[in-house]
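Residue numbers (this note's numbering), protein chains in the order written: chain L, 15 to 267; chain B, 15 to 267; chain C, 15 to 267; chain G, 15 to 267.
Keep in mind that the hints were calculated from the coordinates and are not lab data.
Note that this is a predicted model, so its numbers are computed, not measured.
Pairs count within a copy or across copies, as identical chains cannot be separated in the list.
Below, in silico cross-link-like pairs of lysine to any residue (SDA-like), each with a Cα-Cα straight-line distance of 25 Å or less:
id	residue 1	residue 2
1	K70	S253
2	K69	L95
3	K69	D240
4	K69	T94
Number of protein chains: 4
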Amino acid sequence: MRIIDLNADLGEGFGPWTMGDDAAMLDIVSSANIACGFHAGDPEVMFATMQTASKKQVAIGAHPGFADLAGFGRRRLPLTLAEVERITAYQIGAAMGVAQLGRTSIRYVKAHGALSNWVSEDESAARAFARGIKGVDPTLPCLAIAATASETGALAEGLAVFCEVFADRTYQHDGTLTPRSRLDAMIHDPDASVRHVLGMLETGALLPLDGKPIPTRIDSICLHGDSAGAVERATRLRSALEAAGYIIRPFAG
Amino acid sequence: MRIIDLNADLGEGFGPWTMGDDAAMLDIVSSANIACGFHAGDPEVMFATMQTASKKQVAIGAHPGFADLAGFGRRRLPLTLAEVERITAYQIGAAMGVAQLGRTSIRYVKAHGALSNWVSEDESAARAFARGIKGVDPTLPCLAIAATASETGALAEGLAVFCEVFADRTYQHDGTLTPRSRLDAMIHDPDASVRHVLGMLETGALLPLDGKPIPTRIDSICLHGDSAGAVERATRLRSALEAAGYIIRPFAG
Amino acid sequence: MRIIDLNADLGEGFGPWTMGDDAAMLDIVSSANIACGFHAGDPEVMFATMQTASKKQVAIGAHPGFADLAGFGRRRLPLTLAEVERITAYQIGAAMGVAQLGRTSIRYVKAHGALSNWVSEDESAARAFARGIKGVDPTLPCLAIAATASETGALAEGLAVFCEVFADRTYQHDGTLTPRSRLDAMIHDPDASVRHVLGMLETGALLPLDGKPIPTRIDSICLHGDSAGAVERATRLRSALEAAGYIIRPFAG
Amino acid sequence: MRIIDLNADLGEGFGPWTMGDDAAMLDIVSSANIACGFHAGDPEVMFATMQTASKKQVAIGAHPGFADLAGFGRRRLPLTLAEVERITAYQIGAAMGVAQLGRTSIRYVKAHGALSNWVSEDESAARAFARGIKGVDPTLPCLAIAATASETGALAEGLAVFCEVFADRTYQHDGTLTPRSRLDAMIHDPDASVRHVLGMLETGALLPLDGKPIPTRIDSICLHGDSAGAVERATRLRSALEAAGYIIRPFAG
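Just chain L, same shape as in the assembly (with noise of 0.2 Å):
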């Protein structure tokens, strides 16, 4: 039997606005990474989206942020790492607050934006992170960007740790992302989208562009659910993922 999880990004609107369609990506996913007040959410956005994702059987991890609305956490903050650890600990908490007023759990924690970047980049950062979590509660699990700095991080401070890859993002020779600003950095076919993840998960390994497979972990599979077309691509991923023979599943308990 082979288990996969599929995640995203929810619980982003704020205040009077939304984004993305999340009762739809709640019916294709199976782990709701859930913003937490800094980058987007607010308590009301947040208890809404824990419900219906409890609701749909989704696991709910939450997803801290740089403190910039305005830059919906894409901005690197300078922060120092206490900083981060501290950033970490309040939203994780905030998020704990919210699930519990609403019967439903937390299960898992990932960074988000340039958070995650940065986490994805640099270990001391990564551990910052990780310490802000195992603060908080220390059986909490991470969910890390594969073979990065944010899954090497994280198990160097003792958490339980699951990696991630992304449907529609090209990999590098040495496992980063492809840049944006290249032309390759975007799978925008959905088949080729499809075969790129059933590649990886068959083989257990990144794919780069250019360069040999890079062995890692993949518990997750991270979709994006904010760009026109997103529902269906996420819906035909699913559906080739289950003929494939995999279950959806949280990768979380």
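Starting from the known structure of chain L, arrange chains B, C and G on it as the hints suggest.
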């Protein structure tokens, strides 16, 4: 043996800004109501204040308020009761996350500013606030304003409730605070404040300016730390209470 | 020759979030009320919306509101009248700065959301709002809700005042809008909305559900751009007005 | 007759929080750089500070910064150059609106914090900042840091440019400030600070710790108002300058 708690609002800085003399007040009080980032406080201020409180054996309370930095949580926002539950749970959770990161813990919850005014006047709001607490942790006590809806509402939701009176505010015949617009709202004379507090403690009642004593539970005295002379007045009150045989100790576990 | 203006609230995105179909609405309206960063809008959104409006010869109005992104300016903040003056002047100035950078200009001012409700009900608030406008530029006109305190307050402060009626809201016998809690508050049927607007224009009066016509100045029709079907309804109203011989043109110079 | 301007960053409170002793500093300086709401300042603080400045005949400058209250504008946000233009124009316009409401006016513009650092190092950023100023009012002067890209960038865009030196910071051989990480970055001794300033004024040059004098235009001395002893140091510098025959007067009109 007579025991009483002294509490004050602390951790009310934000980013580059400070408020009051937290270090001095933490030598005087036994319970610290710590802002949770909505009306004041950020993860750094919260962490630092909790660490100092913990070292000084001061009990740490979460102090949720309205999300209104510019208004310092003193402007009533017309939230729904469901929204009150959620902002309360979010802020308590966030405070717990930061506390746990620093190996300390949240021992109680008290409402701040205009949210406090609302829950003191309106039992449905008080119950919503209490449900926010209960949703996160049903064993977490609430620090309520004595003889108001904040006490009865929290009791009705089944929370452990402790009650506070004010050291420098006078009461009206119905137990409400004399409005600040009246000349006799505040007790400016430190000796008068000491007599006011000792009177309430010894009779177990609010002592209105105009009317009969109102028997009430009194677990804590609320001090203010952010005005000129606040530290001196607080020091004097603490000394007077000790001289009268009171032991100053957190009400919460 | 009969002339009328159509106005709508636009530029109500913030950071990563969008609201409504601004590009489509800017093909329909002749005046755009542009959010100024307090309840919605940021310098990028403001600049881009003003540029598009300017290319389409749509007059640009500043649309000040309460500083409350999470509540979208729809929650009344208990400001002093002096504060109303200052937030109004700040936002108009900011809009002017962004407009001038893009070689266009602010042609009028209209209050947003809960601030609009307040100035429509309370002439002292309306006068404070008008003083905020006058302080920045005494020649800048105010777009007021017809037959309310927002009109009389702005006139009392000596501003040029233009008046708007609503395409999809009904009026009560005293000229106020029927509360949204009532079933007959909204005019959902597009044909009924067209008849409602033409009726007001032809009689020069508000036409209450229950009561006599209330004569009033009418310079502009307020459309809503952020609901389902909004663009279609607005297109239909514009066509009906043109078919009835009206020229759609900005009221402001 | 020798004339010099003294400037300081003022109006850096926000909501309930204050910073520094603005009233005292406004008795010393001739130009006040007033925060515009993005890194500090709100419409009330801006209005009040401008009113006091105006009464004391202190010239009012707009002091735009990054939109980052928690970081006080001291963290570099990775904005595009177009975004720099727009945040600059927004903030200048907002300051003008508040100034006009109080029957005073903005006389110059200076960049704050991390934005100032950026425009001092990078002429393309300096030009974007200058275009933000020019877009709002091409006659508005820029106060630049002497002998940096902020001066050359503003000149290249055709602005009137005035230059400042620092009373309490040392310079390196290339005219840049000695990094704060070095022990000799700050001039702590008030007498040394006076000698440092008089030396620069008399030679018309920056006087690096290690290297030859760097001739430069000097129109203003930047003082800091928010540290312990700041007011005393500023008073002493002003007295020393007056004793040396300087008249303290705004550089701007």
